[in-house]
Amino acid sequence: MSDLDAIHSWEHWREFLFRLGAISSPADLQGFASGLLAGGAALDVEKWLALAEEFMDLPEPVTQMESREALAAYWILAQRSIADSDYGFRLLLPDDAVSMSLRAEALGQWSQSFLAGLGLSECNTDMLDEDGTDMLTTLAEIAQIDIDLEASDENEGLYTELCEFVRIAAMYLYQHNQPSSDAGGSEDVSASLH
Numbered sequence: 001m002s003d004l005d006a007i008h009s010w011e012h013w014r015e016f017l018f019r020l021g022a023i024s025s026p027a028d029l030q031g032f033a034s035g036l037l038a039g040g041a042a043l044d045v046e047k048w049l050a051l052a053e054e055f056m057d058l059p060e061p062v063t064q065m066e067s068r069e070a071l072a073a074y075w076i077l078a079q080r081s082i083a084d085s086d087y088g089f090r091l092l093l094p095d096d097a098v099s100m101s102l103r104a105e106a107l108g109q110w111s112q113s114f115l116a117g118l119g120l121s122e123c124n125t126d127m128l129d130e131d132g133t134d135m136l137t138t139l140a141e142i143a144q145i146d147i148d149l150e151a152s153d154e155n156e157g158l159y160t161e162l163c164e165f166v167r168i169a170a171m172y173l174y175q176h177n178q179p180s181s182d183a184g185g186s187e188d189v190s191a192s193l194h
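Per the numbering used here, residue 1 is the first one in the sequence shown, and the count goes up by one each step.
Hints were generated in silico from the structure; no laboratory data involved.
Virtual Cβ for every residue (Gly too), placed ideally from N, Cα, C.
One should not assume that every hint holds.
To be verified - Estimated spans, in silico, between C-beta atoms of each pair:
no.	residue 1	residue 2	range
1	Ala83	Asp153	16 to 22 Å
2	Lys47	Asp153	41 to 47 Å
3	Phe18	Lys47	22 to 28 Å
4	Gln64	Phe165	25 to 31 Å
5	Gly21	Thr133	33 to 39 Å
6	Asp131	Gln64	22 to 28 Å
7	Ala97	Gln144	36 to 42 Å
8	Glu150	Met65	42 to 48 Å
9	Glu54	Arg80	33 to 39 Å
10	Ser152	Arg90	40 to 46 Å
11	Asp44	Glu161	19 to 25 Å
12	Asp131	Glu66	37 to 43 Å
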């Protein structure tokens, strides 16, 4: 499994978070990281680890080196994913084999966590254009999604549309909140990992 495949593996991150004792889901983790990045947060790996630990409400700090390295690598890969100029950013959500209600719940969690990360990034939302403001409003509505959706072709179509909207909104907000002179931001963070 490649690094970019691993970042999108629901099962991989579900098991990882379970081992840490996190109450957060993989959707929460990716939504939070994506919100921080979309808000323009320039965090080194240590700051990311501290924020991630606090956000996941872990029973104890992550001290095991392997787990710290996995979370640090996650931050680096999250940056690469959302900054992908080929628009390859994908949401970390359960696959279609999971019930519609659980997938809808994960999408709501992703959106809520994205907004939490965006808020912590200290993004000045007053500076967003009308499209960006509308996207934030819609993301807040998606965070409140009805999780009692029944499996139907109509709900599958709606879910797919909402996922695509969330994906595009995250990339749009990321692209519009980056300083124009930030050509090497990802390299700076990856250098701090080593």
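A quick look at each hint next to the structure:
no. : hint                         : in the structure
1   : Ala83 <-> Asp153: 16 to 22 Å : 35 Å, violated
2   : Lys47 <-> Asp153: 41 to 47 Å : 45 Å, holds
3   : Phe18 <-> Lys47: 22 to 28 Å  : 25 Å, holds
4   : Gln64 <-> Phe165: 25 to 31 Å : 37 Å, violated
5   : Gly21 <-> Thr133: 33 to 39 Å : 37 Å, holds
6   : Asp131 <-> Gln64: 22 to 28 Å : 43 Å, violated
7   : Ala97 <-> Gln144: 36 to 42 Å : 25 Å, violated
8   : Glu150 <-> Met65: 42 to 48 Å : 45 Å, holds
9   : Glu54 <-> Arg80: 33 to 39 Å  : 24 Å, violated
10  : Ser152 <-> Arg90: 40 to 46 Å : 24 Å, violated
11  : Asp44 <-> Glu161: 19 to 25 Å : 37 Å, violated
12  : Asp131 <-> Glu66: 37 to 43 Å : 41 Å, holds
Figure legend: structure checked against the earlier numbered hints; hints not met, in rising order: 1, 4, 6, 7, 9, 10 and 11.
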